[in-house]
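So the chains spell out like this:
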Amino acid sequence: MIQQTVEITNKLGLHARASAKLSHLANAYQADVFLIYDGDRVNAKSLLGILTLAASVGNSISIEADGSDEEKAVTEIIALFSAKFDEES
Amino acid sequence: MIKALVITHGNLGKELIAVAEGILETKSDIDCICFDWKEDGTRSVQVVEGFLKKYKGSNIIIFTDMFGGSPTNICFKFLKKNIEIITGVNLPGLLKYLTYREKNLSFKAIVKEIKRGAIDGINIVGEYLGEKKS
Numbered sequence: 001m002i003q004q005t006v007e008i009t010n011k012l013g014l015h016a017r018a019s020a021k022l023s024h025l026a027n028a029y030q031a032d033v034f035l036i037y038d039g040d041r042v043n044a045k046s047l048l049g050i051l052t053l054a055a056s057v058g059n060s061i062s063i064e065a066d067g068s069d070e071e072k073a074v075t076e077i078i079a080l081f082s083a084k085f086d087e088e089s
Numbered sequence: 001m002i003k004a005l006v007i008t009h010g011n012l013g014k015e016l017i018a019v020a021e022g023i024l025e026t027k028s029d030i031d032c033i034c035f036d037w038k039e040d041g042t043r044s045v046q047v048v049e050g051f052l053k054k055y056k057g058s059n060i061i062i063f064t065d066m067f068g069g070s071p072t073n074i075c076f077k078f079l080k081k082n083i084e085i086i087t088g089v090n091l092p093g094l095l096k097y098l099t100y101r102e103k104n105l106s107f108k109a110i111v112k113e114i115k116r117g118a119i120d121g122i123n124i125v126g127e128y129l130g131e132k133k134s
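Protein sequence lines correspond, in order, to chains A and B. Residue numbering for the first sequence follows this note's numbering, starting at 1 and increasing by one per position. Residue numbering for the second sequence follows this note's numbering, starting at 1 and increasing by one per position.
Keep in mind the hints are simulated off the structure, nothing from the lab. A hint or two may mislead.
[As the list claims (entries may be wrong)] Between beta-carbon pairs, the in silico distance windows are:
#1 A:58 with B:123: 20 to 30 Å
#2 B:103 with A:66: 12 to 22 Å
#3 A:87 with B:115: 27 to 37 Å
[Unchecked claim] Using 27 Å as the maximum straight-line C-alpha spacing, the simulated DSS-like pairs for lysine-lysine come out as follows:
#4 A:21 with B:27
#5 B:53 with A:45
#6 B:53 with A:21
#7 A:72 with B:103
#8 B:27 with A:45
#9 B:77 with A:21
#10 B:27 with A:84
#11 A:21 with B:14
#12 A:21 with B:112
#13 A:45 with B:115
#14 B:115 with A:21
#15 A:45 with B:103
#16 B:3 with A:45
On a predicted model such as this, the values are computed, not experimentally measured, just so you know. Just so you know, even glycine gets a beta-carbon here, dropped at the ideal spot from N, CA and C.
Given the sequences, and given the hints that come with them, work out the whole structure.
See the structure below:
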């Protein structure tokens with residue numbers, strides 16, 4: 001199991017479309033993937049679960065993955081955050 | 001594969017589907033009936049019958065806007081083991097359907113989970129954030 005923390009830098013935070021991209025990506029891995037934010041822990045493969053976090057810009061969020069492709073999962077999810085979900089130039 | 005039909009008063013269902021597709025950045029195969037204010041239900045029943053005939057043998061969820069309204073009432077007679085109606089359609093419910101329908105679970109379990117997703121999507125934000133922060 002690995003865990004890494006990343007800062008949310010896209011202006012709108014984990015809003016609907018960003019959460020959809022994130023859950024879609026998380027579903028591509030065998031590993032179980034969770035997000036930890038402000039004391040809550042949700043399944044990153046659940047769009048509605050991610051939305052309950054109401055995670056906003058400027059805050060940190062942890063990605064936890066457990067499974068055969070856990071490293072790839074965390075690396076690529078962090079890349080998605082770093083790319084601001086491809087919604088800002 | 002589960003198939004879905006949304007029936008609402010006016011264009012509500014059509015717009016809900018369009019927004020859900022926009023969020024997921026995909027086109028869905030959800031069918032829609034916009035129940036006309038002036039109709040007596042005959043036309044909509046015929047469209048429902050056509051939809052059910054097209055997907056005969058499939059598990060089908062009919063989402064309607066409100067229990068007790070005509071879009072729901074005209075569907076009661078179609079209830080079967082493989083045809084269920086979920087009322088109070090909302091965006092979280094449709095998103096849950098689109099992201100959950102292929103799970104390896106029974107039809108009944110998926111229907112219950114969609115209902116739960118729809119209900120969990122309704123929050124009093126002040127209370128919810130208050131609970132989160134406290």
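Consistency of the hints with the structure:
Judged by the Cβ atoms, the range 20 to 30 Å given for residue 58 of chain A and residue 123 of chain B holds: they are separated by roughly 23 Å. Checked against the given bound of 12 to 22 Å, the beta carbons of residue 103 of chain B and residue 66 of chain A, roughly 20 Å apart, stay inside it. For residue 87 of chain A and residue 115 of chain B, the Cβ-Cβ distance of about 31 Å falls inside the hinted range of 27 to 37 Å, so the restraint holds. Using a Cα cut-off of 27 Å, the hinted pair residue 21 of chain A and residue 27 of chain B holds, with the two alpha carbons roughly 15 Å apart.
Restraint check for residue 53 of chain B and residue 45 of chain A: not satisfied, since their Cα atoms lie roughly 34 Å apart, outside the 27 Å limit. At most 27 Å may separate the alpha-carbon atoms for a hinted pair to count; residue 53 of chain B and residue 21 of chain A exceed this at roughly 35 Å. For the hint pairing residue 72 of chain A with residue 103 of chain B, the CA-to-CA distance comes to about 23 Å; that is within 27 Å, so the pair holds. Taking the CA atoms of residue 27 of chain B and residue 45 of chain A, the gap is near 20 Å; set against the 27 Å cutoff, the hint holds.
A distance of roughly 39 Å separates the Cα atoms of residue 77 of chain B and residue 21 of chain A; the hinted pair therefore is violated under the 27 Å criterion. Proposed proximity of residue 27 of chain B and residue 84 of chain A is supported: the alpha carbons are some 24 Å apart, at most 27 Å. In summary, the hint linking residue 21 of chain A to residue 14 of chain B is supported, as the alpha carbons are separated by about 23 Å, within the 27 Å threshold. The straight-line distance between the Cα atoms of residue 21 of chain A and residue 112 of chain B is roughly 25 Å, inside the 27 Å bound, and the hint therefore holds.
The hinted pair formed by residue 45 of chain A and residue 115 of chain B meets the criterion: a straight-line CA distance of about 18 Å does not exceed 27 Å. At roughly 23 Å between alpha-carbon atoms, residue 115 of chain B and residue 21 of chain A fall within 27 Å of each other, so this suggested pair holds. Simply put, residue 45 of chain A and residue 103 of chain B have alpha-carbon atoms about 12 Å apart, close enough for the 27 Å limit, and the pair holds. At roughly 22 Å between alpha-carbon atoms, residue 3 of chain B and residue 45 of chain A fall within 27 Å of each other, so this suggested pair holds.
In summary, the structure is inconsistent with hints 5, 6, 9 from the numbered list given earlier, while agreeing with the others.
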